[in-house]
Each structure stands twice: as C-alpha cells, then as structure tokens.
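Put chain C on the given structure of chain B with help from the hints.
Chains B and C, in that order, are what the protein sequence lines are.
Here the first sequence is numbered in our numbering, starting from 1 and rising by one per residue.
Here the second sequence is numbered in our numbering, starting from 1 and rising by one per residue.
Simulated from the structure, these hints should not be mistaken for laboratory data.
There could be a bad hint or two in this list.
[Stated by the list, open to error] To give an idea of the chain C side of the interface with chain B (calculated C-beta under 10 angstroms), a few residues:
1. 73
2. 74
3. 77
4. 85
5. 92
6. 97
7. 184
[Claimed, not checked] Restricting the straight-line Cα-Cα distance to at most 20 angstroms, the calculated cross-link-like pairs of lysine to aspartate or glutamate (EDC-like) are:
8. C:96 <-> B:41
9. B:91 <-> B:42
10. B:206 <-> B:162
11. C:96 <-> B:62
12. C:96 <-> B:134
13. B:246 <-> B:100
14. B:246 <-> B:162
15. B:31 <-> C:91
16. B:117 <-> B:134
17. B:260 <-> B:195
18. B:260 <-> B:162
In this text, a Cβ means the ideal position worked out from N, Cα and C, and glycines have one as well.
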Amino acid sequence: MTGTLLIAQSAVIIGGIGFLVGIVLIWASIKFAVETNPLVEDVIEVLPGANCGACGYAGCSDFADKVVSESAPIDGCPVGGFDVAKQIGSKLGQEVIEAESIYPFVRCNGGVHCIDKIDYVGIDDCRAVMMISDGEKGCTYGCIGRGTCVRACPFGAMSMGDDHLPYINKNLCKGCGICVDECPNEILVMSRESESEHVLCRSHDKGKLVKSVCEFGCIGCRICAKNCPEDAITVTDFLAQIDQEKCSHCGLCIENCPQKSIVTTSTTLEAAA
Amino acid sequence: MEDVSLFAIAINGIFVKNFLLVQFLGLCSFLGVSKETKSATGMSAAVMFVMIMASTAAFLIYTYLLQPFGLTFLSTISFIIIIAALVQLVEFIIRKYSPPLYRSLGIFLPLITTNCAILGVVILNVRLEYGFIESIFYGFTAALGYTMVMLLMSAIREKTSVLNVPAPVQGIPHAFFITSLLSMAFVNFFGVIRT
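So that you can see chain B by itself, here it is in the shape it has in the complex (with noise of 0.2 angstroms):
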C-alpha cells in the first residue's frame, strides 16, 4: 500500500512540476519570441544541409540567413551548386546565371615515381610527415601521399591511386575546397572545367636535382614555351606555367615534353576511372 502511495506521490510531484514548468515556459516563449524572417527557413529548407562551412559562414542556417539580408551571394554554397543556387534564386525573386564547376586538382605526378629521402615510421598523416625534414619525399614540393586530402572530404569524392596520389571523382565532388585548405604542401588547387592543361609539377628546384629524384618532374628546360603556338607557356624559376587564357588546347606541349609532366585532365580522369 505503502508502496503505491509512494509511486503516485512522486509521479503527482514530479507531473507537477513539469507541469508548472511547462506553463512558465510557454509564456515566455510568447512573451519574448522574436520574429524571424519565414524567407530564411525557405531557403535553408533548400540547402544541401552539409554544415561544410565551404561557403565561408557558420553553417547552412548562417548561410540562408546573409543571403537573404543579402550579404552572401546566391550562388554562394558551392556544395549545392547551380540547382540549390537556382532554386534559391526563385524564392528570393531573383535570376541566377550558371557559373562552370571548379574541381580540385592534383600539382603532382611523383607518388611512387619520386624516391623517398627517410625511411617514415609513425602517424599515417601528411601533416605528421611533413614535421619531420619537410617531408619522406625527395621532392619538398610534392604530393606526400599519406591521404589527408582524401579523408578530409566530406563527400568522399577522393581516394589514394596505387601510385601514392589522390584521385578526384568529378561525379562526387561538390568543389567546397576543403581538401584544398586541408593539404599542408598546397598540392591541391581548384580549378575551372575548361581548364584542361596542366603542369603535373610544382617543384622550383634545378632540372639536375628534380630529374635524380623525380620521373616525370619538371626541370624547367622550356621546350614546351618554345613549341607552344600561344605562348601560353612560361617558364619561371624552373617550373612551367600554362596561362589558362592563352591556351587553344592544341596539345604540342604535351607531345614535346620531355619529361611528361604537362597532361590533359581528361587523361588523370580515365587513370582515376
């Protein structure tokens, strides 16, 4: 008897003051609401919801909330793309143009093709490596292959290839540039579609020494700014760059390079495939 008494004193006290509690805290609820604009909750309802904070705000609620005060830009979620940019812009009454998808890119052919200087032992981990002598590659420009990129993605469109470099899935990557921020040698850059020459290479030491260490590293000999039809081509402190602006795609460059460090990306694409 004891016992039932017990049971439903504590439940009346306890139900009490929930019940209570509850009360006070629906009148303040009313008494101190804040108004929020409904075009907010439009738009986050939208958004892709990753919480990424590749768009350069806190998070997607963030995000919806500059853009509708209209201090972020509408195509600013990179994750979401054109559409959520589109469908965005016809909640806010606005036109939104198509900007061409960027993706990152590897500056790197080395991986298994450029000799190790140490003997690493320890943390899986580009930046752990990158603590000791800049690095187990020969090269201190290079990809370090230990795959921070790779699982810094948070849509998983990255993996390690058998040659120690990081592949990019074009279907699964959103180009929010995380793995960009993440890369502690700046191997990775992001680039426009169209873009499709590249220099496999970043490396600005001496032909000499970039040949004894690396395959398919460039030595800064020029043979590609002297083929190149554009002159799209220069050659700086032993490295080439390709002017993105300049270049008709003719591919000489590449046919000529010596060391086969400039490629097309539709090549790296069939290789991550």
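Chain C alone, transformed into the frame defined by chain B:
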C-alpha cells in the same frame, strides 16, 4: 547544520572550493567559451542568473515539496527539470534582447543545462544543509568564482593567442595547460578558512 557565516560561504565559493579550478565542475563551458573575454562575460552572466535562480527554486522545492512527503530521492531529477527550464528561459531572454551574444554563445547556451557546476551548486546546497539565504548566497558566490576564473582564463587566452605555440599543443591542449597552472595556484587557498 553547522554555524556557517556568509563570509565563510563567500570565501569558500569564490576561492577555496572554486567550482572550475578546484572542484572541476562545468569545464566544458569553461574551455569552450573562454577564448574571448566578451563571450566569457556573457556566459558568466548567464551562469550567474541560472545559478541564483536554480538555488532559490531548488531550495523551495526541496524544503516545501520533497522533504514533507519524504521524497528526497527525487531531488536530482526535479533539480534537472528546474535547471533545464531556467536555461530555456535565459535563452529566450538573451535571444530577444542580445542577438549578438546569443550567436557568440551558440551551442554553449543550451549546454548550461548540462553544466555540472549548476547541478553541483544545488546539490551541495542540499548536502551542506544551507538555509534559504545561505543557498542563494552560495549560488551567487559560486557564480562569482566561476566569473572570475572565466575572465582570468579568457584574458590569458587572448594574450597568448598571438604566441607561436607548437601546432600539436594549440587550442584545447594549450587551454588545459593554463587551467592546470591556474588550478595549482588555487590549491594555495586550501586551509585559508576552517571548513
């Protein structure tokens, strides 16, 4: 109940049994919000409000509701309900009157609910058998101690943010180092008053 003077309670709450550095309660909000003085001040004010209100409400409920019916075993659950409700109330008020503070506190505002320092205060009030005035005063002084350490910590972290700290120690590990040093300093208050 022993004869406890308000002065002893104050010294206890602020220095000798400082919630953050001696009892290690409420560390998540401490490490999370002490990066800049502005948000540390806001957090401290919110904690102070909730601590005083929770001490008051918990004392009333414990003395006039739970004790007469012999239901003191319900104290923890009812205290949690009260604290959660108070935090919700504070959130409403801050959101209405100070949106920038609301944004800078972010996730740590609802975290006051699970801030063990607040539950610690109300449970200690019960355990030390403090009266009405003493309970409120202990809540107030405990919050003062929390505020003082928050401000100290945020000042140190703001000053040391420009230092060239080795990468593995940056951020939270760095904060833990500072906390341990401050904590060692506070150990010196042991025995200042007889408890």
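So, residue 73 (chain C) near chain B? Judge it on the closest CB pair being under 10 angstroms.
-> Because about 8 angstroms separates residue 73 (chain C) from the closest Cβ in chain B, which is inside the 10 angstroms limit, the hint holds.
Do the numbers back the hint for residue 77 (chain C), that is, is its least Cβ distance to chain B under 10 angstroms?
-> The hint holds - residue 77 (chain C) has a Cβ within 10 angstroms of chain B, the shortest such distance being about 7 angstroms.
Within a Cα-Cα threshold of 20 angstroms, do residue 96 (chain C) and residue 62 (chain B) meet the stated pairing?
-> holds (18 angstroms)
Hint validity - residue 184 (chain C) Cβ closer than 10 angstroms to any chain B Cβ | Result: violated, 30 angstroms to nearest chain B Cβ.
When the least beta-carbon distance from residue 85 (chain C) to chain B is tested against 10 angstroms, hint result = holds (4 angstroms)
Is the hinted pair residue 260 (chain B) and residue 195 (chain B) satisfied, with a Cα-Cα distance of at most 20 angstroms?
-> holds (18 angstroms)
Pairwise hint evaluation, residue 100 (chain B) against residue 246 (chain B), where the allowed Cα distance is 20 angstroms at most | holds (18 angstroms)
Pairwise hint evaluation, residue 134 (chain B) against residue 96 (chain C), where the allowed Cα distance is 20 angstroms at most | violated (52 angstroms)
Is residue 96 (chain C) within 20 angstroms of residue 41 (chain B), Cα to Cα?
-> holds (19 angstroms)
Measure nothing beyond the straight line between the CA atoms of residue 206 (chain B) and residue 162 (chain B); if it is 20 angstroms or shorter, mark the hint as holding.
-> Roughly 28 angstroms separates the two Cα atoms, so the pair is violated.
Take a quick look at whether residue 260 (chain B) and residue 162 (chain B) sit within 20 angstroms of each other, Cα to Cα.
-> Holds: residue 260 (chain B) and residue 162 (chain B) sit about 19 angstroms apart, inside 20 angstroms.
Does residue 92 (chain C) meet its interface restraint, that is, does its C-beta lie within less than 10 angstroms of any C-beta in chain B?
-> holds (4 angstroms)
In terms of the numbered hints stated before, the structure departs from hints 7, 10, 12 and 14, listed from lowest to highest.
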